[in-house]
Amino acid sequence: MTAAAPGTGPASSPLARLAAEGATGALHGHAGALYLADGAVVHAESPVVPDVGRRLTAGGRLSAEAWEEAVAEGGPDYRAGRFLVEHGRLSRGELELCHLSALFDAAFFVLFPPDSSQRAPERFLKEARHWLGPVRPVPVPLLQRELRRRGDLLRRAWPWPEVDTAPVVPVPGAVPAGAPGAGPTCGRRAVLQAADGVRTPVQIARALGRSAFTTLLDVRRLAAAGLVRTPPPDTGPGAGPQARTPLPARTPAATVEVSLLYRIRDALEAL
Amino acid sequence: MANTEAALKDAMGSIDGAIGVALVDYGSGMALGTLGGSQSLDLNVAAAGNTDVVRAKLRAMEMLNIQDTIEDILITLGGQYHLIRLLTGRGGQGLFLYLALDAKRANLAMARHQLRRIESELEV
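If you're matching them up, the sequences are chains A and B in order.
The first sequence begins at 15 in this note's numbering and counts up one residue at a time.
The second sequence begins at 8 in this note's numbering and counts up one residue at a time.
Honestly, I wouldn't trust all of these hints.
[Unchecked claim] Now the in silico label distances, taken between C-beta atoms and shown as ranges:
#  : chain 1 : residue 1 : chain 2 : residue 2 : range
1  : A       : Gly74     : B       : Asp75     : 42 to 48 Å
2  : A       : Pro61     : B       : Thr95     : 42 to 48 Å
3  : B       : Gly85     : A       : Ala51     : 41 to 47 Å
4  : A       : Pro90     : B       : Asp75     : 45 to 51 Å
5  : A       : Gly73     : B       : Leu81     : 16 to 22 Å
6  : B       : Asp75     : A       : Ala142    : 31 to 37 Å
7  : B       : Ile80     : A       : Glu35     : 41 to 47 Å
8  : B       : Ala67     : A       : Glu35     : 46 to 52 Å
9  : B       : Ser21     : A       : Ala80     : 30 to 36 Å
10 : B       : Ile82     : A       : Arg170    : 45 to 51 Å
11 : A       : Asp91     : B       : Leu81     : 43 to 49 Å
12 : A       : Ser77     : B       : Gln46     : 33 to 39 Å
13 : A       : Ala284    : B       : Asp49     : 32 to 38 Å
14 : A       : Pro90     : B       : Ser21     : 38 to 44 Å
[To be verified] With a straight-line Cα cutoff of 20 Å, these simulated EDC-like cross-link-like pairs (lysine to aspartate or glutamate) come out:
#  : chain 1 : residue 1 : chain 2 : residue 2
15 : B       : Lys64     : A       : Glu283
16 : B       : Lys64     : B       : Asp79
17 : A       : Lys140    : A       : Glu87
18 : B       : Lys64     : A       : Asp280
19 : B       : Lys64     : B       : Glu78
20 : B       : Lys111    : B       : Asp23
Note that these hints are calculated values from the structure, not bench results.
Heads up, the beta-carbon is just placed ideally off N, CA and C, and yes, glycines get one too.
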């Protein structure tokens with residue numbers, strides 16, 4: 015059904031063990047990898063999350079050539095990040111902030127993949143290092159606390175994870191042309207404009223070169239505001255009678271009532 | 008060419024009355040760096056809470072159809088000032104600096120000026 019709630023699933027235990035051992039290497043699986051050095055997380059990557067290079071080049075901060083050069087020249091010695099700073103392409107602060115944002119973004123999808131067919135990583139490759147090189151290590155307890163907070167943010171925004179993996183379908187006529195309130199400044203309008211009824215939230219994030227988690231959160235908030243469709247639970251191709259964990263029956267009427275209550279709460283909070 | 012830690016240290020060291028400072032990503036509400044704070048001022052909680060302040064103000068501006076950007080937000084408490092400065096650099100979009108000041112020791116005009124300088128030195 016749905017991915018385990020962050021902090022409650024078994025996902026955190028191999029990581030906690032490696033942190034306690036002060037391990038160095040890569041914890042990896044289908045959903046991506048976490049790189050550790052002396053028990054702290056130094057890098058995270060997930061195929062569904064825009065990486066540091068994508069973030070820097072999508073907004074025009076770096077040319078694709080400058081990025082490629084850093085990877086080619088600095089990568090073999092595990093110092094592509096330092097190469098960028100030493101050659102004046104980026105300030106140290108910019109590299110740190112971009113890298114930290116990408117690290118937390120990817121770690122969320124690695125440890126709690128919204129796609130329920132994927133599991134949190136369990137394989138550990140000792141001594142593996144990442145070519146970007148160390149930037150700013152993140153202690154595992156801090157990472158886990160932040161990922162729990164992010165999971166809570168998603169649930170509070172709109173507690174139906176179905177919207178995370180389905181194509182984002184705008185509700186026709188829900189946003190009159192030029193209507194204020196969708197918030198381009200908060201990125202929600204950009205997400206809405208990129209929603210073509212085919213792309214999923216992570217595909218929209220990749221197209222826009224922005225954080226996948228923030229895009230998920232925007233999609234959940236748009237769903238709560240009634241601007242994008244929330245797919246009914248248990249109707250996806252993978253669901254049905256053979257679904258492994260039976261959920262308590264939720265009648266359509268009950269769903270509508272609860273979603274109406276959420277909308278009323280959000281409207282009151284927005285006043 | 009400061010790194011984030013140096014920029015936060017600079018803010019705590021050079022701004023009179025500084026109680027705590029944080030660099031916050033307002034897409035997620037996560038503090039990317041914090042310095043200072045106390046038992047009565049948890050900077051990670053402040054980061055998440057003030058993200059809502061920034062979002063609410065951006066939303067209000069949009070509803071009013073104001074085509075402008077926020078430079079900073081000042082919140083005056085009985086004993087403290089809280090200053091929020093949105094970063095504008097090419098790589099800094101979606102970030103703000105949050106500074107809590109002791110009202111008795113702070114010089115507000117100087118604090119705003121110094122925060123602007125720290126932002127430019129951070130070069131994000």
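Tested hints:
no.: 1; hint: A:Gly74 to B:Asp75: 42 to 48 Å; verdict: violated (23 Å)
no.: 2; hint: A:Pro61 to B:Thr95: 42 to 48 Å; verdict: violated (32 Å)
no.: 3; hint: B:Gly85 to A:Ala51: 41 to 47 Å; verdict: holds (46 Å)
no.: 4; hint: A:Pro90 to B:Asp75: 45 to 51 Å; verdict: holds (47 Å)
no.: 5; hint: A:Gly73 to B:Leu81: 16 to 22 Å; verdict: violated (29 Å)
no.: 6; hint: B:Asp75 to A:Ala142: 31 to 37 Å; verdict: violated (48 Å)
no.: 7; hint: B:Ile80 to A:Glu35: 41 to 47 Å; verdict: holds (44 Å)
no.: 8; hint: B:Ala67 to A:Glu35: 46 to 52 Å; verdict: holds (50 Å)
no.: 9; hint: B:Ser21 to A:Ala80: 30 to 36 Å; verdict: holds (33 Å)
no.: 10; hint: B:Ile82 to A:Arg170: 45 to 51 Å; verdict: violated (24 Å)
no.: 11; hint: A:Asp91 to B:Leu81: 43 to 49 Å; verdict: holds (47 Å)
no.: 12; hint: A:Ser77 to B:Gln46: 33 to 39 Å; verdict: violated (47 Å)
no.: 13; hint: A:Ala284 to B:Asp49: 32 to 38 Å; verdict: violated (26 Å)
no.: 14; hint: A:Pro90 to B:Ser21: 38 to 44 Å; verdict: holds (41 Å)
no.: 15; hint: B:Lys64 to A:Glu283; verdict: holds (13 Å)
no.: 16; hint: B:Lys64 to B:Asp79; verdict: holds (11 Å)
no.: 17; hint: A:Lys140 to A:Glu87; verdict: violated (25 Å)
no.: 18; hint: B:Lys64 to A:Asp280; verdict: holds (16 Å)
no.: 19; hint: B:Lys64 to B:Glu78; verdict: holds (12 Å)
no.: 20; hint: B:Lys111 to B:Asp23; verdict: holds (10 Å)
Against the hints set out earlier in the document, violations occur for numbers 1, 2, 5, 6, 10, 12, 13, 17.
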